[in-house]
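2 protein chains.
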Amino acid sequence: MSLRNFFCPDSVAVIGAAREEEKVGHIILDNIINSGYKGKLFPVNPNADEIHGIKCYHSVLDIPGDLDLTIIAIPVQFVLQVLEECSKKNTKWSIIISAGFKETGIEGTKRERQLIEKAKEYGIRILGPNCLGIIDTECPINATFTPNIPPMGKIGFISQSGALGTAILDWAKTNKIGFSKFVSLGNKADISENDLFDDWENEKDTEVITAYLEGVKYGREFMKISSRVSKKKPIIVIKSGNTDAGARAVSSHTGTLAGSARAYEAAFKQAGIIRANTIRDLFNYATAFSYQPLPKGKKVAIITNAGGPGIMATDECEKNDILLASLEKETIDGLKEFLPEAANFYNPIDILGDALADRYKKTLEVVIKDNNVDAIVMLLTPQAMTQPYRTARAIVEVIGKSGKDIPVAASFMGGAEVKKAVRFLAEKNIPNFDIPEEAIDTLKVMMEYTDWKSKKEFPIESFDVDKESVERVFGRCRAEGRLELGEMEAREILKAYGIRVPEAELASDIDEAKEIAKRIGYPLVLKIVSPNILHKTDVGGVRIGIGSEKELEEDYDEILFHVRKYIPDANIRGILVQEFIKDKKETIIGMSEDPQFGPMIMFGLGGIYVEALKDVSFRIAPLSRQMAGEMIEEIKTTKLLKGTRGEDPSDIESIIEIILKVSQLVIDFPEIIEMDINPLFVKKQGEGSIAGDARIRIGG
Amino acid sequence: MSLRNFFCPDSVAVIGAAREEEKVGHIILDNIINSGYKGKLFPVNPNADEIHGIKCYHSVLDIPGDLDLTIIAIPVQFVLQVLEECSKKNTKWSIIISAGFKETGIEGTKRERQLIEKAKEYGIRILGPNCLGIIDTECPINATFTPNIPPMGKIGFISQSGALGTAILDWAKTNKIGFSKFVSLGNKADISENDLFDDWENEKDTEVITAYLEGVKYGREFMKISSRVSKKKPIIVIKSGNTDAGARAVSSHTGTLAGSARAYEAAFKQAGIIRANTIRDLFNYATAFSYQPLPKGKKVAIITNAGGPGIMATDECEKNDILLASLEKETIDGLKEFLPEAANFYNPIDILGDALADRYKKTLEVVIKDNNVDAIVMLLTPQAMTQPYRTARAIVEVIGKSGKDIPVAASFMGGAEVKKAVRFLAEKNIPNFDIPEEAIDTLKVMMEYTDWKSKKEFPIESFDVDKESVERVFGRCRAEGRLELGEMEAREILKAYGIRVPEAELASDIDEAKEIAKRIGYPLVLKIVSPNILHKTDVGGVRIGIGSEKELEEDYDEILFHVRKYIPDANIRGILVQEFIKDKKETIIGMSEDPQFGPMIMFGLGGIYVEALKDVSFRIAPLSRQMAGEMIEEIKTTKLLKGTRGEDPSDIESIIEIILKVSQLVIDFPEIIEMDINPLFVKKQGEGSIAGDARIRIGG
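One line per chain: the protein sequences are F and H, in this order. Going left to right, the first sequence walks through residues 692 to 1391 as the working numbering numbers them. Going left to right, the second sequence walks through residues 692 to 1391 as the working numbering numbers them.
Hints in this document: simulated from the structure, not taken from any laboratory. Among the clues, some could well be false.
Which copy is meant is left open, so a pair is good if it fits within one copy or across any two.
[Unchecked claim] Taking lysine-lysine pairs in the BS3-like style, the calculated list, with each CA pair at most 27 Å apart, reads:
id : residue 1 : residue 2
1  : K1330     : K1275
2  : K1374     : K1273
3  : K1010     : K908
4  : K960      : K987
5  : K714      : K1052
6  : K1305     : K1330
7  : K1330     : K1135
Isolated chain F (complex conformation) (with noise of 0.2 Å):
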């Protein structure tokens, strides 16, 4: 259902709008009343006759015909009843003022929830309740208790914290800053950023979708929306509360990597979700998304008349790979034919401090014809004899008349001296920014989101695997109780999805192992197996390098003797003899579910790379090839799997294989919770990948 309506409607009734200067129905009324709202209003108010002299009704059923949205901002304790008389009136929409609900506390949660149920009921679409409201700056309508209406702009803007709402509303009317609409969720009970992502998508007004989120509400939906709707509006987010509440219960590497962070992170990079730091990043984002082209390449030219400047942008450039345009011989020639000898004809252009405004548009009017430069920063401090306000002007002619259809963004840096100049700069929809970096990280940020945009999506591949055995191991561990799979019923499940395990067989006596010893061949491995022991090494449980008969007997023993003394009651169902895997690197793969995004992957190098340096890449599954190809280029040890100092490269299709069967295994089995398969032995291009131990957890 297109919300339209919602944000424009025919007909709004303000309930609760009382007759007292400060109160929030009076001020909202206020509000839709001063932002030049057309359509039809009616003030509802049991005590009152008449409001600004606009009729008012005593309740909302004395009102004539249908209405599209009410408002509702009285005690929380008559909501309810009068939601039920607004279902009367056929309405639609109902933006909930009142607080008193989930924010509360549990008896507002109840509160809630039964709202909630009443109005899906009644078919009203519900926003907030505890929000600030809503601002269409095109309808137009104020529909908030904040008299601070921004200019009409591109930006939409959806905030869950109302009051952060008030200080950019007025922070974008200050700053002339134009937006489109502005949303405040507030308890988010019904409507929420998914509803507003997917109706924006085919908005015409809003172009730049952005949001201050504290969290996302149906995660998987959440992704799957923002995915498509990135694809032809950039989305810029700040979500905050990185923090993770809590400890949460984990026994595997994966679970205690991971975390809700992480899994923000993962969720945001796979649905081409812009993240911003700050607001500031937020905002810049935003103007540059709203106001420029998107740069087709990496490639920027500075044009400045400091040095100062020049340094601090190529410096910014470097720290995030961007690329100096070299420029094109006509370029140089053309500049060389103006510009004053001391002059820098490369990149950054350096045009020196006594350029007028005339320097400026001769040597913008040379850059912006040249085929290697994909955005164009101007650089600009006010010195002796500069004009900045004539510089803004001869750079927006230029532009005009150029029809490039390149970004430029603009760092015109000082106080009062540059303050027309700025504004004049920002009317015509070139971005300004307080000092040159912020325009160089825009301006990545605008690239990265190019490379989204034409980013190809990849299915994702489906290989033949056996689930009967699984569902078979799976019956067995929860018919005895086990709900931590060790070893021995790992190596089922990934044998089951067609990835290798060591070779091994399970030994209940030193004469069999022996036996089994000699059909393998040394060198070899030998672990514990106990339902009681996950965690083998801890307890002295594994021997490895075993290269004779000798040793397999000394190690034979020794194993049994400290577990024997670690754990005197365990139920030792034997020792694996396994094959030694040589001339490997180890990796670990793991899952971990997130209780807001589903399984989550992990990638890393194995040991004490994972544990030392935290180098481990997330995704949430499923997976596509491309994708698991991205997590591996990801972490910063991977040139370890490339070969450094003339070593074989590792097999690195083969992991990406193994991240895809993992990927498919715990979609195909969502009662895992968790997993490790650690190590994952990857050997030398060609020579694949074998999963050295894995453990694996489901739910009850």
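The hints should help you fit chain H onto chain F, whose structure is shown.
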């Protein structure tokens, strides 16, 4: 020599004080007059008798009496002659505004050298040439050609870019940021940041020293002065130009990883300089330092009228290892007495959206008394009932009455609605930050500065070493024309400095090798020894883990075979038969000569870690024991040395000792340009470290 008279001279001549209003000399004269300068002012112009009703002198020589300061703004070709005339008037200081010196190329560089020689002869100190001039707000005098004189304040600002200086002065004036002094360094032919830091150490008007630098002059002098001054006053620097200029000829790992950006990073750290990444950071930090006392610890209390900004601030604390103070029981009890029930009494303290100034006041009164709180952040968003200005007044009042000496920072967010409040806060020395994150970041920098101030200086230790042996080795190598020293010589040098090397002897044939092997014992390492081969591994010249005489024979032959294949003409001195070090971690200690700061020591984990992760730390020699320890703490892989997963911790003390010995070595022998101890084998705690291999390069 104190610069008091330079900043506030009794008499000033403006040479080149033109009648034309747009000329630099004229503007400077105007600016001096308009700034309210109270000393004697003499315009000099050969063609004018009077400017602005002030008598104009045709020559400096016509001016009666001596001249403290002359400002020279005339065409470059006349500068030398005028300087000579100045010397006759006993001028102590000259600001040379004129351009046309080093910045223009070879001719100009010559001219600048000549200028400085003459100035020395005359005993005149020079600022510039090619600079903007100086401002002293206390004197007051504005001897620049920018009209923007900032308000009086405690921040001294030095700019190596005149253009950036103008932008910042404009910005400071607009935002009412108080400066004590402003200096444009220009070409830094004489007066540099070193003179200014040195002078401002005891200059009462300047409490915070800030600078924009593109490079420093006399690196070691810079470090010496800065580390002394920074113990008294914060020095905040933006260093731009972090891209290493061109490729350097380096042959060691250390050399490859070093470079000017790393050297500046190390030098600044050792000198206690606070690094700002952007101008925004620079002035965020500077205003906070100049407005507020230093925090005594790292525990912050946050008071907010909105959840969102509170979360943002909390996230930023977490990111920066800043603790949220856990409030004392009395504090929480005190808050409960007047805060509404729905408020959050714990940190971050949420006093709710309807908080008026009075609630902020009462909250701050209680919290400021809490002994667990080292710093307070006041957050405010302008909601319907919020009183920003009254709240600002209340905050100032409470702080004044409290008698407490703890820093308070504010982030009143928004635009027009908080403007008056923010201005009032600034007037009362409470820094306000546009976004909460910047308040936290700034407090963090202040906390680090508190640490720096209280940090004890540790002496540079001196080990009992055998310098003569090293001299002998260097002498021998130089005589043979070899400046790249291989393993054999490096072993001698390390031994002379008490650094352990593996037991080893040179074998000239296989029989000798067998004899040596018997003495040392298996397992062994074999290494080719040839003055022509520095990268032994690359030519197959190294074999490790040789377990028996049979393996020795095979490997001995194989080394010779490979080396002869790769480098047929190699002059082979023999094969080194060396003890194999077991149970060790590989690290690397190196040194590289920085053109600016001299010998720089590097530490990192060896092999793959250095190459793939570039996880290394640097310090400028000489080092104290504490600094060496910090180098080890600083790398991300430091955990691997401390023992993870029940592993034994490595002998970190022995690494420190070797770092100190290398530091002493490279200070004793400045001819050492580069060196690598790679690998340095580190054994477990108490068992020491052994230099597995080493290379040294000395200057010609």
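Review point. Which hint numbers doesn't this structure obey?
Key: As far as the earlier hints go, not one is violated by this structure.
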